[in-house]
Amino acid sequence: NAGVTQTPKFRILKIGQSMTLQCTQDMNHNYMYWYRQDPGMGLKLIYYSVGAGITDKGEVPNGYNVSRSTTEDFPLRLELAAPSQTSVYFCASQYGQGEGGARYEQFFGPGTRLTVL
Amino acid sequence: AQSVTQLGSHVSVSEGALVLLRCNYSSSVPPYLFWYVQYPNQGLQLLLKYTTGATLVKGINGFEAEFKKSETSFHLTKPSAHMSDAAEYFCAVRRGDDYKLSFGAGTTVTVRA
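In order, the protein sequence lines correspond to chains F and X. Counting from 1, position 2 in the first sequence corresponds to residue 2 in my numbering; the numbering is continuous, with no gaps. Counting from 1, position 6 in the second sequence corresponds to residue 123 in my numbering; the numbering is continuous, with no gaps.
Read the hints as simulated data drawn from the structure, not as lab findings. For clarity, every value in this text was computed on a predicted model and none was experimentally measured. No residue lacks a Cβ here, since even glycine has one placed at the ideal position from N, Cα and C. There could be a bad hint or two in this list.
Claimed, not checked - Between beta-carbon pairs, the in silico distance windows are:
no.	chain 1	residue 1	chain 2	residue 2	range
1	F	Met19	X	Ser143	22 to 28 Å
2	X	Thr194	F	Thr5	31 to 37 Å
3	X	Ser201	F	Gln22	29 to 35 Å
4	X	Ser197	F	Gly63	43 to 49 Å
5	X	Gly179	F	Ile15	44 to 50 Å
6	F	Asp26	X	Glu181	39 to 45 Å
7	F	Arg103	X	Thr189	15 to 21 Å
8	F	Thr70	X	Met200	22 to 28 Å
Unchecked claim - Here are the simulated lysine to aspartate or glutamate pairs, DMTMM-like style, with alpha carbons at most 25 Å apart:
no.	chain 1	residue 1	chain 2	residue 2
9	X	Lys166	F	Asp38
10	F	Lys57	X	Asp214
11	X	Lys217	F	Asp26
12	X	Lys217	X	Glu188
13	F	Lys44	F	Glu79
14	F	Lys44	X	Asp214
15	F	Lys44	F	Glu72
16	X	Lys217	F	Asp56
17	X	Lys185	X	Glu205
18	X	Lys166	F	Asp26
19	F	Lys9	X	Glu205
Stated by the list, open to error - A short list of chain F residues far from chain X (calculated; beta carbon distances all over 10 Å):
no.	residue
20	Thr7
21	Arg68
22	Thr86
Please put together the full structure from these sequences, using the hints given.
What follows is the structure in structure tokens.
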């Protein structure tokens, strides 16, 4: 199993440009998440999904959009990039099925380092 | 809502010394607790977790943590630090009925030779 994969690893955007961060998992996990990591701030949840076709906002969703058309893929879209979106972005997935599923851990991808200039 | 406080953003220890990383949480319901480690330029990797049962949990690389409900704490320890333990460590909490994790701000560990 490759686990959770993310592309690209690095990207530099100009202000106002758009891009999609790709995330794929091969563990057949229902739950998927997008986080951003800023120095000294831990990880903040941007969006999450509990299954194909179902997404919801996390703590910091402004400026981002997601879709979940398949179990495997959970892309994150940045529209009109701003310097405040300079960060490291992590995708994660987790097994979850009904009551008791919350005890399972999340598996993280290697991250995408994004700089907006 | 739950929150996670990690005391100390940076910890420096000598090789062979005790590593102690502190984590306190607030949660309105019994929580699930996790410690993750992040090595430079990598994603997060699970060290250990507490769900139910024994309150002292053992993880990978010689780490362990103890859940103390009365103190709302889940401190991480390792008896003898190794150079390879240099990394950032995150405590995370989840309510039993929620699939979202709340992370602490992280503690960076430096190991001195």
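Structure-based check of each hint:
no.: 1; hint: F:Met19 x X:Ser143: 22 to 28 Å; result: violated, 37 Å
no.: 2; hint: X:Thr194 x F:Thr5: 31 to 37 Å; result: holds, 33 Å
no.: 3; hint: X:Ser201 x F:Gln22: 29 to 35 Å; result: holds, 31 Å
no.: 4; hint: X:Ser197 x F:Gly63: 43 to 49 Å; result: holds, 45 Å
no.: 5; hint: X:Gly179 x F:Ile15: 44 to 50 Å; result: holds, 46 Å
no.: 6; hint: F:Asp26 x X:Glu181: 39 to 45 Å; result: violated, 31 Å
no.: 7; hint: F:Arg103 x X:Thr189: 15 to 21 Å; result: holds, 19 Å
no.: 8; hint: F:Thr70 x X:Met200: 22 to 28 Å; result: violated, 42 Å
no.: 9; hint: X:Lys166 x F:Asp38; result: holds, 24 Å
no.: 10; hint: F:Lys57 x X:Asp214; result: holds, 17 Å
no.: 11; hint: X:Lys217 x F:Asp26; result: holds, 21 Å
no.: 12; hint: X:Lys217 x X:Glu188; result: holds, 23 Å
no.: 13; hint: F:Lys44 x F:Glu79; result: holds, 19 Å
no.: 14; hint: F:Lys44 x X:Asp214; result: holds, 19 Å
no.: 15; hint: F:Lys44 x F:Glu72; result: holds, 22 Å
no.: 16; hint: X:Lys217 x F:Asp56; result: holds, 11 Å
no.: 17; hint: X:Lys185 x X:Glu205; result: holds, 23 Å
no.: 18; hint: X:Lys166 x F:Asp26; result: holds, 23 Å
no.: 19; hint: F:Lys9 x X:Glu205; result: holds, 20 Å
no.: 20; hint: Thr7; result: holds, 13 Å
no.: 21; hint: Arg68; result: holds, 14 Å
no.: 22; hint: Thr86; result: holds, 16 Å
The structure fails hints 1, 6 and 8 (numbered hints given earlier, in ascending order).
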